[in-house]
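Trainee: Construct the complete structure from the given sequences, taking the supplied hints into account.
2 protein chains.
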Amino acid sequence: MKNTEEQRRSFIKKLGILGSSGLIIPNLMMANTTNSAKNPLIIGRPKVLFFDVNETLLDLTAMKETVSEALEGRSELLSLWFTTMLQYSLVVSASGQYEHFGHIGAAALQMVAANHDIDISEEEARKVISKALQSLPAHPEVKEALEMLRADGYKLVSFTNSSNAGVKNQFEYAGLLEYFDERLSVEDVGKFKPFSETYQWASKKLGIAPAESMLVAAHGWDVAGAQWAGWRAAFIARPGKQLFPLAPTPEIVETDLLKIARKLVKL
Amino acid sequence: MKNTEEQRRSFIKKLGILGSSGLIIPNLMMANTTNSAKNPLIIGRPKVLFFDVNETLLDLTAMKETVSEALEGRSELLSLWFTTMLQYSLVVSASGQYEHFGHIGAAALQMVAANHDIDISEEEARKVISKALQSLPAHPEVKEALEMLRADGYKLVSFTNSSNAGVKNQFEYAGLLEYFDERLSVEDVGKFKPFSETYQWASKKLGIAPAESMLVAAHGWDVAGAQWAGWRAAFIARPGKQLFPLAPTPEIVETDLLKIARKLVKL
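Just so you know, the sequences run in chain order H and U. Position one of the first sequence corresponds to residue 0 (numbering that gives the first Met the number 0), numbered consecutively onward. Position one of the second sequence corresponds to residue 0 (numbering that gives the first Met the number 0), numbered consecutively onward.
Source of the hints: derived by calculation from the structure; they are not laboratory data. Keep in mind that the hints are not guaranteed to be accurate.
Identical copies carry no separate label here, and so any pair may be met within one copy or between two of them.
Claimed, not checked - Computed list of lysine-lysine pairs in DSS-like fashion (alpha-carbon distance at most 30 Å, straight line):
1. 63 <-> 204
2. 130 <-> 240
3. 126 <-> 203
4. 262 <-> 126
5. 203 <-> 130
6. 142 <-> 262
7. 126 <-> 46
8. 240 <-> 63
9. 63 <-> 203
10. 126 <-> 240
11. 262 <-> 130
Mentor: And the structure:
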């Protein structure tokens, strides 16, 4: 694994010295390197852009207020609740089980609440999470960025841990339905991101190779998982979001989606 | 999965009406039920007791002080750091990768620190975590409980996400080396708990069936994963520790290891 990681890092470095538009690399330039031999498709334009949804496209600030109310105003517990939800989504998948992401979020809310002597029933927790997840606005730059990418000929697909019904409601609320060629949910593969199988299933579903797929996400774990599954990745470094230091660095890192879109249209 | 879960819950309920020593169920009593047909071995005494280590046997209070110092005294971030470490251990395994648990803990520390404008280098983070993990005392009741179980003929095995060298150092510091017949680390299977494969590997290593294995742990995710892998489980409800509401309820739940040991010797 170390070797692959070092190769990728060195690959990224090589891209770096070509300047800010350095992602446009003619096949010829890479023809004699180990990287191009091993990853002949990791250059040029990806065939499909896959977008994570929660936090990547949708702004969770409003959700945090709803959840904070359920936690009796203890807003310092919100990051812990969200991380616990992510941890337990993986616990469930690692055990070969499946539950809706919202139900796992509700269970995580009950656990964090109980640890602080706050009692929330399963029914109440599910109501809070469901309402909160389905009333999220898009981040301010998202529509312009998606419009730019569509106009430039990119195929755009959403790819989320939320359920199929959940993401449809989310996109209806946020006005994002029309921007995507397809909506994919891990519900159909029964396993959460960042399991390698989920990315492999998604690229297969679109009829492309992993190396022709690019994930755009605001989560370190998501871009790490995508890259370890052979995908390309772009990371939105939104406030409070960090790359995982032990994973390969994604080829694009920017602070919002519009900046990423501007780089992508140059490919 | 729902069905299995309901069967298990109904099974636990059935145990419940037999009173506090209700785990001693003659084969005859269960012979005609669906549960005994499906799980013929989930009664009587387990052949091996597997013990989780961090938080289950070792008291992490001292670690929290060391880590809190590295986070410039922001002790409210400790639970977030620990949960992030657990989340990323699963991210790594879900992607088919492996890193030492301590290295993942250090990376999680860097991420949580960076989110609060605290800069910690990889080297510094690894030093902090390594030192902290290897200077933990046993919880006060642990030695008496392990002694009681050994004297009663139980085979005791430690089973941890820490590395082989790591857990050896931990046990030397805490004076626990002599209590265990074997020490198992997920390092040898290259995947973290609660992946089903880790439990299956551990019971196979001891030459027993999953249903003859019992995990004793203070983590909801660990007992959930063990039970979903076909093991029996006992949960230590230490302060701040919660069962995962969507998982089967373990057959023994007590607030410390001595209380669990007293139930186990009655089996």
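Trainee: Up to 30 Å between alpha-carbons, please classify residue 126 paired with residue 203: within, between, both or neither.
Mentor: neither (35 Å within a copy, 43 Å between copies)
Trainee: For residue 203 and residue 130, with the copy left unspecified, which applies at a CA distance of at most 30 Å: within, between, both, or neither?
Mentor: neither (33 Å within a copy, 45 Å between copies)
Trainee: Measure nothing new, just compare the shortest in-copy and cross-copy C-alpha distances for residue 63 and residue 204 to 30 Å and report within, between, both or neither.
Mentor: neither (33 Å within a copy, 45 Å between copies)
Trainee: Evaluate residue 142 and residue 262 at a C-alpha cut-off of 30 Å and name the case that applies: within, between, both or neither.
Mentor: within (16 Å within a copy, 60 Å between copies)
Trainee: Given identical chains, is residue 126 near residue 240, meaning Cα to Cα at most 30 Å, within a copy, between copies, both, or neither?
Mentor: Both, since 27 Å and 24 Å are each at most 30 Å.
Trainee: Reference check for the pair residue 130 and residue 240, CA-CA at most 30 Å: within, between, both, or neither?
Mentor: This pair counts as both: shortest intra-copy Cα distance 24 Å, inter-copy 27 Å.
Trainee: Pop the pair residue 126 and residue 46 into one bin, within, between, both or neither, using alpha-carbon distances up to 30 Å.
Mentor: For residue 126 and residue 46, neither the intra-copy (39 Å) nor the inter-copy (43 Å) Cα distance is at most 30 Å.
Trainee: I want to check one pair: residue 262 and residue 130. Are their C-alpha atoms no more than 30 Å apart within a copy, between two copies, both, or neither?
Mentor: neither (35 Å within a copy, 43 Å between copies)
Trainee: Given identical chains, is residue 262 near residue 126, meaning Cα to Cα at most 30 Å, within a copy, between copies, both, or neither?
Mentor: neither (40 Å within a copy, 38 Å between copies)
Trainee: When Cα atoms must be at most 30 Å apart, do residue 240 and residue 63 count as within-copy, between-copy, both, or neither?
Mentor: both (15 Å within a copy, 23 Å between copies)
Trainee: Indicate which option fits the pair residue 63, residue 203 if close means a Cα-Cα distance not exceeding 30 Å: within, between, both or neither.
Mentor: neither (35 Å within a copy, 45 Å between copies)
In summary, the structure is inconsistent with hints 1, 3, 4, 5, 7, 9, 11 from the numbered list given earlier, while agreeing with the others.
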